[in-house]
Amino acid sequence: MTVALTLPERLDTSAAPELADTLAAELGQDIEIDAAPVTHLGALCLQVLLSAAKTWAARGQSLTISNINDTMAGQLTLFGVTPDHLGGPRE
Amino acid sequence: MSLSILAVDDSQTIRNMLNMTLTDAGFSTRLAEDGLKGLEVLENNSFDAIITDINMPNLDGFGFIDAVRAQERFRSIPILVLTTEVAPELKARARDAGATGWVVKPFDPPKLVRALQLVAG
Amino acid sequence: MADNTDAMAEIRASFFTECEELLESLQDGLDAVWNETSDEETINVIFRAVHSVKGGAGAFGLTQLVDFAHRYETALDEVRAGKLVPEGEVLKLFFRAADILSDLLQAAKEDGELDPATFEEVLSGLAALAGGEEEEEEALDFQPLILDIGDETPQLAELPGELPPGLPPLSGPAEGEGDAQGDSGGHIYFAAEKELFLNGNEPLYLFRALADLTELTSRCNMDDLPDLSDLDPAVCHLSWDLTTGADIDAAAVAEVFEFVEGLCTFRHRLPEPELPELPALPELPVLPGAPDTAVGAGADGEPGVAPAPDAGAPPQASDAPAPKLSTDQDAKAPAAPKAGAQKPAPAKPNPTIRVDLERVDRLVNLVGELVINQAMLSQSVTEVDMPPNAAITKGLDEFMQLTRSLQDSVMRIRAQPVKALFQRMGRIVREVATEVNKNVLLKTEGETTEVDKTVIERLADPLTHMIRNAVDHGLESTEARLAAGKPERGTVTLTAGHRSGRVVIEISDDGAGINRPKVRQIAIDKKLIEETAELSDSDIDMLLFMPGFSTASEVSNLSGRGVGMDVVKTAIQALGGRVSITSTPGQGTCFSISLPLTLAVLDGMVVEAAGQALVLPLNVIEETMTVEAAMLGEMGRETQVLRIREGFAPLLDLGTEMGFRTPLESYLDHVALLIAHEDGSRSALVVDRIVDQRQVVIKGLQNTFGQIPGVAAATILGDGQIALILDPLDITMNASGRTRQPSLSLAG
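Protein chains in written order, with numbering that gives the first Met the number 0: chain R, 0 to 90; chain D, 0 to 120; chain L, 0 to 747.
Just so you know, not all the hints are guaranteed correct.
Simulated restraints on C-beta separations [said to hold, decoys possible]:
hint, chain 1, residue 1, chain 2, residue 2, range
1, D, 3, R, 58, 39 to 45 Å
2, D, 25, L, 79, 37 to 43 Å
3, R, 59, D, 44, 46 to 52 Å
4, L, 566, D, 44, 45 to 51 Å
5, R, 66, L, 354, 53 to 59 Å
6, R, 2, L, 225, 39 to 45 Å
7, L, 19, D, 23, 45 to 51 Å
8, D, 23, L, 248, 24 to 30 Å
In the DMTMM-like style, the derived pairs of lysine to aspartate or glutamate whose C-alpha atoms are separated by at most 25 Å in a straight line are [stated by the list, open to error]:
hint, chain 1, residue 1, chain 2, residue 2
9, L, 517, L, 538
10, D, 90, L, 260
11, L, 193, R, 31
12, L, 698, L, 637
13, L, 193, R, 17
14, L, 193, D, 71
15, D, 36, L, 23
Source of the hints: derived by calculation from the structure; they are not laboratory data. For glycine and all other residues, C-beta sits at the position ideal for the given N, C-alpha and C.
Go ahead and model the full structure; you've got the sequences and the hints to work with.
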């Protein structure tokens, strides 16, 4: 079964613990993350997403992230991270 | 990008300048005249960023930043320190209090706006 | 920006208004130190005042003001730091600096500057106090610099497009990253500490600022990234290698990272063709002496390991701020009782608006009309003979009360506290004290007393003169004081207060008191009085106000400015005021000025002469009496005198002087008003009868009719009649004096 998760607008420092908890709760499931609402992605939330992608990959399960908007794409570029690092879009 | 900014300064002149600069930049701006007033405004409002003076009566900038950071919901709000004093130890104190950055008074309006966009965008 | 010009002009105007308040608190603070009533907060208030002037002045490019305020502030900071004690010469210098600051502001307000020579001495004095070394360096601080960015401010949305596509792969070896961009670029290694985030900071901001400066390529190191289950989301396990363009300016980069100094590991290697193969690797320790710009604890090596920032303790999230808040308040608590009553008032200035004075005056005028209208209405109702408890009578009473309180409130708009005026006097006292080498303390009381703005403005000169007099003549020399067993430091006290509907301002000193035998002798020498004149003590005291009187035997350069106390008296009378003196030998002298609350309302006497209602200001009328035959004496062809006790006063017929009629056959049983002149002489102004004594609303005539001799203004009486308000001094001084028909010549 695949879990669908939509990210909040602001993934700032204070959002990181909750994001980590939310994702950790889905460990063991395939997950589809919708990034459409994101307007701000901070380093700590980026780290959570990267860690999740790595963890899911290590367990051979599917984690995909889709609908990366231009704002978030720009922020990822500044961080030197590509959508692939995050699990990439399914397409 | 419309940001909401809280600007705290005890000088009416600087508050006027900030108000004009920030409003012109399309930000929604609230002003407060010292740290205590700033905290009051924060009670019932949320902001994308705060600009504060250091030297103020009642509650100075250091105390204000401290008190803001003490609240869970403001843990990560960007706070820029606005001051004519740029002595290294003052910057260090502001940083230790939890400031995100600093802007030198007199400020250059486009630069101030850009600084806010950088930290709160 | 064009539409901001007006806004800027307005902000600039408000800056000068604000500065007046700042100078006031600066002066208050210095006075408190001088009077030894200061507390720990005082120096902070003083410092903040100067600091705020500097901040605002900087915004308007008032460099002379900024530079001076900066020096002043630096010296004050020494006091704040406890390295300098504000007393003696230091304090005097601070006072002078405050005066200069005020002068500089005034000059700046008029778009000018002061001649630097006028304050050079003070400036170097301040510099000496501050140690004087760091000036050059400090001057640099006035550039607006921040997370510094070029003048171009690209919109964030454009940023992604500017960055080269095709980022380096995630997990390959870091070596050779720089090559992708060519060796001309600079390299930055960056890793964030936990504390960086606690300050609301964010690597994203820093990268954005860098991207504003240069073409930026980022590579994220994720090697240390733990599994999600092991991840502490508050700690950043990522680090970055950033490649910048060749155009990068090291100082600009350092500035970007300046505020996260100690909160991150940051190393910057400048573009350096000679060392192309030096990889920007986290694993590499910094080469000492290499062209690296290293900031932060990580520069010591061990990048990636948490540096121990010297002051880097994270803000104690929950407990620290609370005590901080309370200590702040605690610190203020002991201050309050010490500072006494004056403290609460200035502490919380009420919000204010700036209103054009003209609008206020128009309002004052309209309310004046309303008062008159109400009086007329009341009068006509009285005339129709209503039953005393008729609803309309009651309603009119309430209407009258409302009108009165409306009038009071409107008058109060024009009222200002005398504080600013008193503070100017502080400066005068210090200046004079220095010139005559006396140690003088100025005490002020009742500074919040409010007086009409115009009265305050016109009071400045007379008050200045009286203060100079008090310091120069009132107080004894230091030696004389010590000899008399008095404290070395003389005290001049300036008080203001309300007393029975008037404002009373008193200038008192604890000097030797008026030397009456000497004053009397001078008056005799100057032929102001007869040698045989019998004068009471208060008569002698009043001699000081006579024109031509001056304690000339030892006129110092201060008082001999051609301004005598007679001018003071005239100026105060012109304001509808009175001045009186009390003096006790050995204990001091007190000058008391009593002023009307406002210039818009006058205490007047309504009289009738030749069928005309006229109003005379009450304060110049010394006495009223009915003319009796025994009092009249003829003098010359057309004039008479009135014999009043020991003296004579020329008899003047108001009706004749105003040109309403020719002299009457007889003035018997008419009313004579004794008008006191500044020189102590008197005139008897004859009127037909006294109608009333009441407050009248002054309506200016000068705008319409220009200056009319003998007429000060006009008013409208309750019955709708217009009455002129006269200037009796002007009338008596220019009087024809004709009170008799010349017995012969009707032809002339």
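Hint by hint, here is what the structure shows:
In this structure the supplied range 39 to 45 Å holds for residue 3(D) paired with residue 58(R), their Cβ-Cβ distance being about 42 Å. For residue 25(D) and residue 79(L), the hinted distance range of 37 to 43 Å is satisfied, since their beta carbons lie about 39 Å from each other. For residue 59(R) paired with residue 44(D), a C-beta distance near 47 Å keeps the hint of 46 to 52 Å intact. Checked against the hint of 45 to 51 Å, the pair residue 566(L) and residue 44(D) fails, with Cβ atoms roughly 59 Å apart.
The given range of 53 to 59 Å is respected by residue 66(R) and residue 354(L), whose C-beta atoms sit roughly 56 Å from each other. Hint check: residue 2(R) to residue 225(L), Cβ distance near 22 Å, so the stated range 39 to 45 Å is violated. Look at residue 19(L) against residue 23(D): about 28 Å separates their beta carbons, and that is not inside 45 to 51 Å. At roughly 29 Å, the beta-carbon separation of residue 23(D) and residue 248(L) lies within the given 24 to 30 Å, and the hint holds.
A distance of roughly 14 Å separates the Cα atoms of residue 517(L) and residue 538(L); the hinted pair therefore holds under the 25 Å criterion. Taking the CA atoms of residue 90(D) and residue 260(L), the gap is about 10 Å. The hint holds against a cut of 25 Å. Proposed proximity of residue 193(L) and residue 31(R) is contradicted: the alpha carbons are some 30 Å apart, above 25 Å. Restraint check for residue 698(L) and residue 637(L): the C-alpha separation of about 35 Å exceeds 25 Å, so the hint is violated.
For the proposed pair residue 193(L) and residue 17(R), the alpha carbon gap of about 17 Å is at most 25 Å, so the pair holds. Note on residue 193(L) and residue 71(D): the hinted pairing holds, with a Cα-Cα distance of about 16 Å set against a maximum of 25 Å. For the proposed pair residue 36(D) and residue 23(L), the alpha carbon gap of about 23 Å is at most 25 Å, so the pair holds.
Violated hints, listed in ascending order, are 4, 6, 7, 11, 12; each of the other numbered hints is respected by the structure.
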